[in-house]
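Student: Protein sequences appear in the order of chains S and G.
Mapping to my numbering: the first sequence position 180 is 181, numbers consecutive.
Mapping to my numbering: the second sequence position 73 is 1037, numbers consecutive.
Hints were generated in silico from the structure; no laboratory data involved.
The model shown is predicted, which means the values in this text are computed figures rather than measured ones.
Glycine included, each C-beta is placed from N, C-alpha and C at the ideal position.
Certain hints may be false.
Unchecked claim - 25 Å max Cα-Cα, derived DSS-like pairs, lysine-lysine: (1) 1054(G) / 189(S); (2) 207(S) / 1054(G); (3) 1039(G) / 189(S); (4) 1030(G) / 189(S); (5) 1182(G) / 1164(G); (6) 184(S) / 1039(G); (7) 1039(G) / 969(G); (8) 1054(G) / 206(S); (9) 1016(G) / 61(S); (10) 1030(G) / 184(S); (11) 189(S) / 1016(G).
Stated by the list, open to error - Under 8 Å between C-beta atoms, here's a sample of chain G residues computed to sit facing chain S: (12) 1028; (13) 1031; (14) 1033; (15) 1045.
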Amino acid sequence: MKGFLDYKDGNSIFHKMNPLSKLFLAVVLCAMCFVSSNIYFVAGVIVINLLIAFAAGIHKMALSILSGLLKLSIVLFIVQVLFVRSGNALFTIPGLNLPITDDGVYFSLLFVLRLLATALPLAVMLSVTQMSDLANVMVSKLKIPYKYAFAVITVIRFIPVFASEMAGIIESQTARGVEFDTKNIFRKIGLIIPLCVPLLISSVKKIDSSAIAAELRGFNRRTSKSGYKKYPFGGNDIFAVLICAVVITAGIMI
Amino acid sequence: MIEFKNVCFRYETEDTIKNLNFHIEKGDFVAILGSNGAGKTTMSKLFNGILKPTSGDVVINGLNTKTTRTSMLAKHIGFLFQNPDRQICKNTIRDELMFSMECIGADNADAQKRVDTIIEKFGFDPSHDPFSLSRGERQKIALASIIVTEPDVLVLDEPTTGLDYAECMQILNIVSELNSRGTTVVMVTHDMELVLDFAKKVLVMTDGRMIAFDEMRKVMKNMEVLSEARLLPPQIADLALRFEGFDDVYTHEEMFQKIKEKVRV
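The following block holds chain S by itself, in its conformation from the complex:
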């Protein structure tokens, strides 16, 4: 997961698209997973996400996210399938007398597919869009006040920073004997709690210095017309609209 959510340089059609089109495409892909309850459609959205990632040359990152979420999905599927009692019983777990129903399997599968399908679009969109472009387009086209746009992109930008900081803290603590290298997952979770202190301290320091730097560079004087870059819509954006149209139509029809 190294470099997760970092911008990956490239020259693909998705890199060249207007940031707003990419944002719109990501939102449509996520939203349609909840509009449709058809598992084939949701699986199709995952395939579309992967095709976009391949076209943008960030398939390794996308596959790494998928494989990371797959483990969580398996756990969620098992938990979910045990609690849904409606529908026809497919079989009963011997000893526990717990029925596994067709509705249970269907809804659990839909649940985990939705998780996978909605995690990818945002990550893919952020990997092919510069944060500054995203903020600028939110201000210039969507007329969102810069302070709010800045807050959104700062939150996103800090996720990989904090992930890397956490990895560094875990390394430091393991080196002094904290058993983060244990295979016992419950023990590991218990050990995370004391680490919140150094993470919190470093996060507050980073945010504080970022805020001071922004203030010194005239953050509060910025208006919606301050950006020098223009974001016109072009031929590449028609492709995004086409994908959206296909996905929306398919989501409603299926």
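Based on the hints, put chain G in the right spot on chain S.
Tutor: Just chain G, lined up with the frame of chain S:
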């Protein structure tokens, strides 16, 4: 004591560390030198198994880092990182030091005794909040929380980054004292003056390869090695190289004595 046998390490496709072979004896003070990107920090993380070799073996006190967990190696090898804030996690200095003792499974009475000794040695106020102190003080706390466990080996990754001269010397004098009492010290640095003052041996790296591992005095005037590693010799050693008959001069004191001697002649 510490043995690197055909050690290679790669993050992705290319080897960051290339075929390292060396042996460090108990009580040595080894400085690892190299320019930025030479692989010094990666190599230092191989010492205690934070990174496991892609091929080859790292053996510390007979324990192979591939098969021994890093947290288990903490009893034998202490590691001081560049950033003390990643290590400090308690609200008072005493708690921080006690936490180190807990991590290695020391019994309470022994832990209290050792913590008291270290607090006295460093002159800490035990109830002080570490996060309210200066960077240099926090680095001292991080060092204290390592040496309180009395490891056989101490690995320091750029321990003086961001410290002023006085803080730097304070930390290295403590390290030097530990070394004189038998602790093996491995220090990653690019500060040549510090190497001159404290190290007994020098390991020079460039592009993930070891290009020299010898006595400090031999390496410091080996211009071929230093230039390959894109390093400049310490100022005094550099000056001494320009004079005839100054071959054995490495420190300010030696330079002073030599000049005095020459003036007398």
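Student: If a hint holds in the structure, say so; if it does not, say that too.
Tutor: Taking the hints in turn, this is what the structure says about them:
Of the pairs offered as hints, the one joining residue 1054(G) and residue 189(S) holds, with about 18 Å between alpha carbons and a cut-off of 25 Å not exceeded. Restraint check for residue 207(S) and residue 1054(G): satisfied, since their Cα atoms lie roughly 20 Å apart, inside the 25 Å limit. With a C-alpha separation of about 20 Å, the suggested pair residue 1039(G) and residue 189(S) falls inside the 25 Å cut-off, and the hint holds. At most 25 Å may separate the alpha-carbon atoms for a hinted pair to count; residue 1030(G) and residue 189(S) meet this at roughly 20 Å.
In summary, the hint linking residue 1182(G) to residue 1164(G) is supported, as the alpha carbons are separated by about 10 Å, within the 25 Å threshold. With a C-alpha separation of about 20 Å, the suggested pairing of residue 184(S) with residue 1039(G) holds against the 25 Å cut-off. The straight-line distance between the Cα atoms of residue 1039(G) and residue 969(G) is roughly 22 Å, inside the 25 Å bound, and the hint therefore holds. Proposed proximity of residue 1054(G) and residue 206(S) is supported: the alpha carbons are some 17 Å apart, at most 25 Å.
Using a Cα cut-off of 25 Å, the hinted pair residue 1016(G) and residue 61(S) holds, with the two alpha carbons roughly 23 Å apart. At most 25 Å may separate the alpha-carbon atoms for a hinted pair to count; residue 1030(G) and residue 184(S) meet this at roughly 15 Å. Taken as a hint, the residue 189(S) and residue 1016(G) pair is honoured in the structure, with Cα atoms around 20 Å apart against an allowance of 25 Å. A least Cβ separation of about 15 Å between residue 1028(G) and chain S goes past the 8 Å threshold, and the interface hint is therefore violated.
Because the beta carbon of residue 1031(G) sits about 12 Å from the nearest beta carbon in chain S, more than 8 Å, this interface hint is broken. Interface restraint check: residue 1033(G) against chain S, minimum CB-CB distance 5 Å, threshold 8 Å, status holds. Nearest Cβ of chain S to the Cβ of residue 1045(G): about 5 Å, under the 8 Å cut. The hint holds.
The structure fails hints 12, 13 (numbered hints given earlier, in ascending order).
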